[in-house]
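Asks: Here's the letter readout for the chains.
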Amino acid sequence: MLDLLIEASALAFHPYVLMYVMLGVLLGITLGAIPGLSGDMAIALLLPFVFFLEPAMAMGLLVGIYKGGLFGGSIAAISFGVPGTPGAAATSIDGYQAKLKGKPSKALHTALYSSVIGDTTSDLVLIFIAVPLAAVALTFGPIEFFALYAFSLILIAALSQGMVAKGLAVAAIGILLAMIGRDPITGATRLTFGMPELSGGLSLIPVLIGIFAISEVVVQGSKLWRRKVDKLMDDVAEQASLLQGYDISKDKLTWAEFKFTLKATYIGAAVGTFIGALPGAGQSLAAFMSYGLAQRFSRKPEDFGKGSLEGIASAESGNSATAGSTFIPLFAFGIPGSATAALFGAAFILMGMTPGPSLLTDNTEIIYALFLTLIFANLVNLMLGKVLLPYYSRIAMIQPGFMIPGVFILAIVGTYAANNSVVDVWVLLFAGALGVTLRLMSFPLAPLVLGFIIGPGAERALRQSMIMGGGDWAVLIKSPIAIGFYVAAFALILLFTFALRAKK
Amino acid sequence: MNRTIVKELLSAAVMLSLGIAGLIHIQYGAWRPAPLVPSYIMPQTAYYFLIGSGLWVLAMLGFFTLRKRESALERPGAKDQDLVAIGLSSGLMLGGAIIYFWLVLNLGLIVSTVAFNAVLIAVLAPKVSLKGLLIVPPLMGAAVWLLFIKMIGMTLPPSLLF
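Chains A and E, in that order, are what the protein sequence lines are. Each residue of the first sequence is one higher than the one before, counting from 432 in this note's numbering. Each residue of the second sequence is one higher than the one before, counting from 65 in this note's numbering.
Okay, chain E solo, but in the shape it has when bound (with noise of 0.2 Å):
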């Protein structure tokens, strides 16, 4: 099974499964009732139409994989994405993202973004150097803080540093 089939197979599978958790939801979860039009219209529309379009991908990937096109469902110009390299990059920076917001909330703002910025030049850019290191991470906390505090007035809670 090529990596295009089991693409179209878990993205059919995501909406089939979201459109018939939210009708289960629908079916039996606590909704206040409403005259005439009740309140679960518009999502109970939505998953609907989740569930027809994962009927639909399906259909295709029969209808393309029958007829050996299983070219056809790919999207044109499309890459293989390198599932380890974004795998990586989204803990670092999605997991990095919420201990620097941590660390903004409870150290400080300007702080927390030199550091933060600093150890995604070193673990990102390509050919850092020791004095790119040393220039740029400053040069963005100062921006931030001209930006957010000084023009914008951006209130954050007490913090350790600053």
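Chain A extracted, bound-state conformation (with noise of 0.2 Å):
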């Protein structure tokens, strides 16, 4: 063991393979705070050039991107409302919040360190116990998985700051939106209106944008043009987001607010962690569950969507959590929890490795290399986002009136650069439209994302569930894990119904 420990590290620690990891965080980092792009899509772009670098290398750069594309996504979303990844998404509901209240130097450092930790967790439990804790998420059947997608659905549906009727409205509409297109078992295709362009459904990225970026910027435009009309410079809210007045020696994270931020930070680690390794349940579930959990167990659950540091570090933490715990389904099983995950196997794949069982038997050493690149990443990404953060933080705090501009350019082409599609760009403008429209009518966005998110997932737990029943609704509430989740869901609606009306 210890032999192998020494191999490993001698692999890990080699002087390009940490050049490699630096490169990498730095390149995720800048990636993921534009909006539109993502580690993701960078690891993708960069899948080819795996050929020509030695395996630890090509892993490093990897792991890397990765790494720094996690923390780069809450960037763009607490900067400028838009979550660079999806996993950001559940950041973006405190982080732009609190960034808007003059706090973005707070906010930033919250979300690095609570990424940092929920990472750090997440990575040491794929080291320690990835084939225990992959045996149970493995245990889910279609119809937990069901569960879990409307226990997930309907708590941040309740947790929408109280309007849980129309939480579960927009949540049906992300529901919907995600079935058009073909249906995955007949083929046929459903809601496209007759439009063939809409046959390969909707891709994540416009919807996303659209949803959150888009609104947000013509929102925040027409508070513009208002003040433009009107003259109004008075607004205390809008001040904060002008460069004047701004003062980073008193936006810093004390120890005091780090502290508080622990609990949240903990939940997300160990959410973000399960979530991680149940096969397709992703970052921006795990994020959104955290989120919703922190909330509950907060002492100031009032705070949350208003800029809670406790909002930000939960979803943060939860959401990077995912980070190592992905990897185990992958490194046990062969199976790609997520998209990252299947990125990666595509990596094995290319480097003559094949993931599954077999992967750690035969790679032993480059795979415990990898387990260190994992930790080490994880230092770099604190350093190197520790020393950015405050250049982050000024770029944030540029007058809006030329940054919101920019960023409806940015996400227009970053839109049509994910994947050189026409219809995307569409897409993105139409989401924008119905983002406005929900906005004014008050519903709450983060449900629809999320429906549109795990969509074709429930749907597919659904059907499962339905043909093993034989077509009988009952086969839902036939396991005990099942029911578990519907008690739960069933009685967090009641308690928030009444006491936040109660509030009231």
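One should not assume that every hint holds.
[To be verified] Within a straight-line C-alpha distance of at most 25 Å, the following computed DMTMM-like cross-link-like pairs (lysine to aspartate or glutamate) qualify:
hint, chain 1, residue 1, chain 2, residue 2
1, A, Lys731, A, Asp682
2, A, Lys694, A, Asp682
3, E, Lys195, E, Asp146
4, A, Lys694, A, Asp734
5, A, Lys532, E, Glu134
6, A, Lys737, A, Asp682
7, A, Lys694, E, Glu134
8, A, Lys690, E, Asp146
9, A, Lys690, A, Glu628
[Unchecked claim] Computed footprint of chain E on chain A; a stretch qualifies when at least three of its residues, placed anywhere within it, have a C-beta under 8 Å from a C-beta of chain E:
hint, segment
10, 439 to 453
11, 551 to 559
Since the hints were made in silico from the structure, they are not lab data. The C-beta atom is built at its ideal place from N, Cα and C for all residues, glycine as well.
Join the two chains into one complex using the hints; note that each chain is given alone, in its own frame.
Replies: Here you go:
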């Protein structure tokens, strides 16, 4: 074992490998911070280069991009209200509010620390209990998965600032948007309104950016225009987003504030690690569930949605804590639990390694070197993030009159660049218009995005369950785990409906 | 009738009409049959949720209106939106985006980006100076070129300019 560790260390801490990790983290943070771009996109683009690198170097570069991208997504989420990556959608809820209140540095530092803590926890779980945890995740059948999806949707809807009915309605709209395209079982097109361009379904990036970013940019644009007409410059919230008067020295995260966010960070780390190990559950679900649970157990739940540091910590920790555990099904059983795991699986294959149980036995040194690289990349992420954050904080405080047109253009071009698809741009603008309409009618937006993300998985689980039950709906309540999820969801709806109404 | 009640009624109407229209589409639309579980099972579930949510909103509206507590229907901390400003902003930005992207495909990415950026800044920025208008849009054009053309290698159809 000691020999193995020494050999793995020699591979992982080779100067070139360290250099590639640092380059990867830098690239990942920068790309993740740009709305519309993500670490996944960079990993996909770099896959052909894997051929030309030694396995340890290639893994170092990819791991660096992945980890940097996870944190970088929160920079865009906090600075512009645009989730740079799907997993950062929950971070934008409180992160952007904190930025509007003149606390971008605190928000970004909270995101950095919670991201690194969540990520490291997840990596340690991957290293030490990968196989047993994967076994638990794999005991979940379609019935339990459907219950988990339903629980997540209901939890988010119930926590949408007291608008339970509207939360459920937009979650349903999100699911309907996810149903556009080909039926995965019959192959027939559904809800395409006769447009063949929609038969492939709606891509995640334009929907996500449209709903969150374009609608926000349009609403902010309307405020700017109003101010231009009225010459009103005394709105305190608007002032907070101007460069003038911003003093970064007064916006430092204190030790007391960091300690206060630790509980939320640990909740995120635990939830994210567990959810990450479930194939298909993903970063967004982990972030939103962590956010919901942290709010439930917070001493200040009323601050969530208004720039709460706990909200940022839980979402970011939950998001990042999927980083290590998402590889558990890939390493143990060859099942990629997420898009990122699928990209890494492809990289393994390109390097001549087969994902699955034989991966650990046939390539022990490389895999142990990868484990060490995962931990080292977190340290690099922490150090580079710490160095770069002051600059990102300042970028975030540039006058919105100049920033908003820039973000708007980046979102449009970034969406096109993701797939070189013109249809995606039209989907982006449609989603933007939908987002503006929903904002005007006081609908929460997060349940829509969650519904869209987990819609296909939920449908697959529902249909598999129904087939198992011979078309009988009662099959959905035949598992004790599933019943537990439904009871918890129902209890939460009752609790939050009456608790929040009573507060008013 | 105050603004909150109008908003809630409108929301409920949207939810109910979308849900009912969806169920009618399921009933009379052309859905390919599938063994045991029809392909509309998930959309149908979503439509039921929409109708249920719409009825829930109506019930809450009635409940709080009768108790003269309409404010309880509003989201905490919500402000009235300026509909004229949002309408103009939506028209300018979303409508402008359609023209912008058409220009990107036909005229060229950089020229269109500089022009669209300048128009948006001129209309939206409260204290825009000529210097700002001359400096920022070309910088934006350069950033887009560097990121998407040089770094990402984005491909666009051949255009008139650049």
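Asks: Hint by hint, say whether it matches the structure.
Replies: Evaluation of the provided hints:
Our distance criterion of 25 Å between C-alpha atoms is met by Lys731/A and Asp682/A, whose separation comes to about 21 Å. At most 25 Å may separate the alpha-carbon atoms for a hinted pair to count; Lys694/A and Asp682/A meet this at roughly 22 Å. Annotation: proposed proximity of Lys195/E to Asp146/E is violated, straight-line Cα distance about 31 Å (limit 25 Å). Taking the CA atoms of Lys694/A and Asp734/A, the gap is near 15 Å; set against the 25 Å cutoff, the hint holds.
Among the hinted pairs, Lys532/A with Glu134/E is inconsistent with the structure: their alpha-carbon atoms are about 29 Å apart, more than 25 Å. The hinted pair formed by Lys737/A and Asp682/A meets the criterion: a straight-line CA distance of about 17 Å does not exceed 25 Å. Straight-line distance between C-alpha atoms of Lys694/A and Glu134/E comes to about 36 Å, which puts the hinted pair past the 25 Å bound. The straight-line distance between the Cα atoms of Lys690/A and Asp146/E is roughly 40 Å, outside the 25 Å bound, and the hint therefore fails.
The straight-line distance between the Cα atoms of Lys690/A and Glu628/A is roughly 50 Å, outside the 25 Å bound, and the hint therefore fails. Coverage of the segment 439 to 453 of chain A by chain E is violated in this model, with 0 residues showing a Cβ closer than 8 Å to a Cβ of that chain against a need of three. Proximity of the segment 551 to 559 of chain A to chain E, defined as three or more residues with a beta carbon under 8 Å from a beta carbon of that chain, is not established by the 0 residues found.
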